[in-house]
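Throw the hints in and build the complete structure from the sequences for me.
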Amino acid sequence: MAGAAPQPHTKSGKKALDAEINLVPFIDLLSCCISFLLITAVWTQIAGLQISSSGGPPEPQQKQEQTVDLKLLLTEKGYQLTMPGAALEIPKVASATGALAFDRKTLADKLRTLKGGLPDQSAITVQPEDAIAYDDLVSTVDICLGEQLRNVTVAPLN
Amino acid sequence: MAIVEPGKRPGPRIERSRVFSKKFTRGKKTGYASLMLTSLVDMFTIIVIFLLMNFSANGEVLYMSKDIKLPDAYHGAQLERAPVISVSGDAVTFDGRQVAATEDLVKGDALNVPELEDALRDERRRYETIHAQDLDHSFRGLVNVQADRKIPFKVIKRIMFACNQSGFGNINFAALAKEGEGPRKVALK
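If you're matching them up, the sequences are chains B and A in order.
Be aware that the first sequence starts at 1, since it is given in the numbering used here, and climbs by one per residue.
Be aware that the second sequence starts at 1001, since it is given in the numbering used here, and climbs by one per residue.
The hints are simulated quantities; they were obtained by calculation from the structure and are not laboratory data.
All C-beta atoms in this analysis are idealised placements derived from N, C-alpha and C, irrespective of residue type, glycine included.
It cannot be assumed that every hint is accurate.
To be verified - No farther apart than 25 Å at their CA atoms in a straight line, the calculated lysine-lysine pairs in the DSS-like style are these:
id, chain 1, residue 1, chain 2, residue 2
1, B, Lys-92, A, Lys-1154
2, B, Lys-105, A, Lys-1178
3, B, Lys-77, A, Lys-1154
4, A, Lys-1107, B, Lys-77
5, B, Lys-105, B, Lys-92
6, B, Lys-71, A, Lys-1154
7, B, Lys-71, A, Lys-1150
8, B, Lys-77, A, Lys-1150
9, B, Lys-92, A, Lys-1150
10, B, Lys-77, B, Lys-105
11, A, Lys-1178, B, Lys-92
12, A, Lys-1178, B, Lys-110
13, A, Lys-1069, B, Lys-105
14, B, Lys-92, A, Lys-1069
15, A, Lys-1178, A, Lys-1150
16, A, Lys-1150, B, Lys-105
17, B, Lys-115, A, Lys-1178
18, A, Lys-1154, A, Lys-1066
Said to hold, decoys possible - To spell it out: a stretch of chain B is covered by chain A in this simulated footprint if at least three of its residues, at any positions, have a beta carbon under 8 Å from a beta carbon of chain A; those stretches are:
id, region
19, 27–39
20, 42–51
21, 117–130
22, 134–140
This is the structure in structure tokens:
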């Protein structure tokens, strides 16, 4: 059977120190565990990006001193980052497939620089055009959250 | 001449030998084979540890559908259990039942989606009735939106409008959680 198969008594008549471990119940337990875990396993991890919409009920917001009204427009041409007195265009770039895609890396860099200058800034309004795909919207919100701009508001552009 | 069983036979000298005569003894082999269970137990243990590491107590929050390919997100938080609005290329469903056709939402100019708003209002009423005495679980207006990556914002905009009209202001966009590129987990407010 399983485990070591010891001699119960040595030649000299002394009791052997080795003990036989019965592995059958252990294997039964492991089999049950594997079955249960396989049935209840979740193979796709879903993440949630919390946003607030412009028409929703107002949320209590803390008064912050050094913040600006930051807006990020998603248009067919690319990103447009605007704040009072300044605007920045981030045009689309050619992706690996050759198609034009939003320049997410540059946007992340710009937001990081902006966050460095305005550490209290946590609000941003993302305004996509109607034709912008859900994928681009989610990736933009994801970049904003990654740069610690946690109060993301999504509002229509027009 | 005596009839003997065919096969190898040792010579008289080898037959007497203590060492070599064992080769020619014809004892019956035992019918049982011993199984090496150690490696089996090792394998089971590794599988259990791997599955335990992947174990999630939350279970499936969303109805995963073949028609909906979710976008990726690196900084998402864990989704909470809430009503789910699914938007595929064909239909908009609320908790599994169809409330509108996606094509209609793309074409129309109006913002409201009456069927979805009614469904959301019913859901809100149901929740508030169930938790009328439960102050710890007051209505927070949490809703999960699960859309295909190619769905235009025009459809999402109308769904968000319907959510706001029905009092569901806490909207969560569902995405596939990805690790890498130095993800920083963000806690939900």
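Tested hints:
1. Among the hinted pairs, Lys-92(B) with Lys-1154(A) is consistent with the structure: their alpha-carbon atoms are about 21 Å apart, no more than 25 Å.
2. Restraint check for Lys-105(B) and Lys-1178(A): the C-alpha separation of about 17 Å stays at or below 25 Å, so the hint holds.
3. Proposed proximity of Lys-77(B) and Lys-1154(A) is supported: the alpha carbons are some 17 Å apart, at most 25 Å.
4. Between Lys-1107(A) and Lys-77(B), the direct Cα distance comes to roughly 23 Å. Compliance with the 25 Å bound is thereby established for this hinted pair.
5. Between Lys-105(B) and Lys-92(B) the CA atoms are separated by roughly 11 Å; this keeps the pair inside 25 Å, and the hint holds.
6. Restraint check: the Cα-Cα separation between Lys-71(B) and Lys-1154(A) comes to about 19 Å, which is no more than 25 Å; the hinted pair holds.
7. At most 25 Å may separate the alpha-carbon atoms for a hinted pair to count; Lys-71(B) and Lys-1150(A) meet this at roughly 23 Å.
8. Proposed proximity of Lys-77(B) and Lys-1150(A) is supported: the alpha carbons are some 18 Å apart, at most 25 Å.
9. Restraint check for Lys-92(B) and Lys-1150(A): satisfied, since their Cα atoms lie roughly 18 Å apart, inside the 25 Å limit.
10. Annotation: proposed proximity of Lys-77(B) to Lys-105(B) holds, straight-line Cα distance about 16 Å (limit 25 Å).
11. At most 25 Å may separate the alpha-carbon atoms for a hinted pair to count; Lys-1178(A) and Lys-92(B) meet this at roughly 24 Å.
12. Pair hint Lys-1178(A) plus Lys-110(B) holds up; C-alpha atoms about 23 Å apart against a cutoff of 25 Å.
13. The suggested pairing of Lys-1069(A) with Lys-105(B) holds, with an alpha-carbon distance near 23 Å, which does not exceed 25 Å.
14. Between the alpha carbons of Lys-92(B) and Lys-1069(A) the distance comes to roughly 23 Å, so the proposed pair stays at or under 25 Å and holds.
15. Note on Lys-1178(A) and Lys-1150(A): the hinted pairing holds, with a Cα-Cα distance of about 19 Å set against a maximum of 25 Å.
16. About 21 Å separates the Cα atoms of Lys-1150(A) and Lys-105(B), which keeps this hinted pair within 25 Å; it holds.
17. Our distance criterion of 25 Å between C-alpha atoms is met by Lys-115(B) and Lys-1178(A), whose separation comes to about 24 Å.
18. Between Lys-1154(A) and Lys-1066(A), the direct Cα distance comes to roughly 22 Å. Compliance with the 25 Å bound is thereby established for this hinted pair.
19. Check on the region 27–39 of chain B: 7 of its residues sit with their Cβ under 8 Å from a Cβ of chain A, so the three-residue criterion for coverage holds.
20. Counting residues of the region 42–51 of chain B whose CB falls under 8 Å from any CB of chain A gives 10; the rule of at least 3 is met.
21. Counting residues of the region 117–130 of chain B whose CB lies closer than 8 Å to any CB of chain A gives 3, so the stated coverage by that chain holds, three being the minimum.
22. With 5 residues having a beta carbon nearer than 8 Å to a beta carbon of chain A, the region 134–140 of chain B meets the requirement of three or more and the stated coverage holds.
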